[in-house]
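Asks: Protein chains in written order, with my numbering: chain A, 1 to 193; chain B, 194 to 386.
These aren't lab readings, by the way, just hints derived from the structure by calculation.
Treat the hints loosely; a few may be bogus.
[As the list claims (entries may be wrong)] From the structure, some residues in chain A lie toward chain B, with a derived Cβ separation under 10 Å:
#1 H42
#2 V61
#3 P95
#4 V119
#5 L138
#6 R139
#7 I155
#8 G170
[To be verified] Every beta carbon over 10 Å from chain A, so not counted as near; a handful from chain B, in silico:
#9 T216
#10 E267
#11 A278
As the structure is a computational prediction, the values presented were derived from the model and not from experiment.
From the three backbone atoms N, C-alpha and C, an ideal C-beta is built for every residue, glycine too.
Single-letter residue listing:
Number of protein chains: 2
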Amino acid sequence: MEEKRRQILDAAVRVFAHKGFHTSRVGDIAEEAGVAHGLLYHYFSSKDEVLETVFHENWSVLLDRIRAVEDTDEPAAEQLRHVAAILLRTWRHEPDVVRVVVREIARSPEVQQRIGELVEPVDSIRRIVENGQARGELRADLDPQLAATIFYGGIDAILTSWVLGTREDGDDAIARAEQTLAEVVRTGFVTPA
Amino acid sequence: MEEKRRQILDAAVRVFAHKGFHTSRVGDIAEEAGVAHGLLYHYFSSKDEVLETVFHENWSVLLDRIRAVEDTDEPAAEQLRHVAAILLRTWRHEPDVVRVVVREIARSPEVQQRIGELVEPVDSIRRIVENGQARGELRADLDPQLAATIFYGGIDAILTSWVLGTREDGDDAIARAEQTLAEVVRTGFVTPA
DNA sequence: ACGGCTGTCGAACGGTCGGTCAACGGGCGC
DNA sequence: GCGCCCGTTGACCGACCGTTCGACAGCCGT
């Protein structure tokens, strides 16, 4: 039954999200999924493979949506806003996915090395910046890679504060975060002359 | 001998920086310090206490330097630049400290809850933003907390890319990163009209 | 109705590691 | 020179947990 595999993966997302990967026991995942923990090894070869599968499945969905933004013909500033919106709104629909990705994987060098996909959102943002510069919409004197890293870092920091419960996270708060990021892109922090 | 305690702490920074906290064995730290692993328990009550001590000692130094920036009478934009400089340049002098703080601690909720200090740099930045707004230097329509989170996130993302080896990190690269952050604060990404 | 295959179970294994502790030794006071 | 303290050692313990594996149950083809 392929359905059990899903059960296990879904359970794993929840467990990893709430306890973190290395504090989660294989037994916890099995219990959450309602199966014996031996069964997990019928569908996956190891605990690590479960983590990688969970990660890959969810991350590639986000990646595709981010990449799709590159193909629109909106101004670069608007494209950046869309990228922010995709990531920030995911917190609303799938907080557990954000928890596990943000908190557990994005920083861990062991995983980072095995999974190249992690840098890809930054690459996507970088291309948006480069195209914006080529069209004269964005300042040409910014290093695109650096600007992309900074922008992604801003999004990531906001998500992190939601994950950690440090910041209000209702619908309006999400909209405000999106808006603030857009404003920073538009004119920075300093009062325009 | 109090000196042995230092030896152990210094060894711990190196080991945590290169292997991560939960993959580091107590024996690794002892070996790096050149002592028997039992001795570690003469100076610390647990492996966790070692981590907390390492973290606290190094983090409080950075915190004090960041807080000191609040007391200067420079323009807010300049103060933000200084905060960025403090954090980014630490990568130059003490990469291992940055590695362990950035990669190991800043994201882990277990530690996050035990150690309130982690949010303090963001608080400090927030106060700088608020004061800048009060003096009319910074845009009053930005939520200071949100702006501070975004700014800190940008710094953090740059440090992370250095830690992961994704980005060039010579003296000039550090200067460029600092400069780019300052420019983003000044006028954002968009070409000024 | 039989044999085997697939999915499922959970007891048991094996290795790892944080933490303990009895013993040692060398320096210091007497 | 004697004993005592205390920093130091490393063998050992016990728990934990990922992984294995033999058993079993239901179903399907024959």
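Asks: Now tell me, hint by hint, if it's right for this structure.
Replies: To see whether the hints hold, each was checked on the structure:
With a cut of 10 Å, the hint placing A:H42 at the interface with chain B is violated, because the nearest CB-to-CB distance is about 28 Å. Annotation: interface hint on A:V61 violated; nearest CB of chain B at approximately 22 Å, more than 10 Å. About 14 Å separates the beta-carbon of A:P95 from the nearest beta-carbon of chain B, more than 10 Å, and the hint is not met. This hint holds: A:V119 has a C-beta 6 Å from the nearest C-beta of chain B, less than the 10 Å allowed.
Interface restraint check for A:L138: the shortest CB-CB distance to chain B comes to about 5 Å, inside 10 Å, so the restraint holds. Given the 10 Å rule on beta carbons, the hint for A:R139 holds: about 5 Å separates it from the nearest Cβ of chain B. Taking 10 Å as the C-beta cut-off, the interface hint given for A:I155 holds, the closest approach to chain B being about 7 Å. At its closest, the beta carbon of A:G170 sits 14 Å from a beta carbon of chain B; the interface hint therefore is violated under the 10 Å criterion.
With a minimum CB-CB distance of about 8 Å to chain A, B:T216 fails to clear the 10 Å threshold, and the non-interface call is violated. Distance check on B:E267: its Cβ is at least 14 Å (rounded) from any Cβ of chain A, clearing the 10 Å threshold; non-interface status holds. Every Cβ of chain A is farther than 10 Å from the Cβ of B:A278; the closest lies at roughly 15 Å, confirming the non-interface assignment.
In summary, the structure is inconsistent with hints 1, 2, 3, 8 and 9 from the numbered list given earlier, while agreeing with the others.
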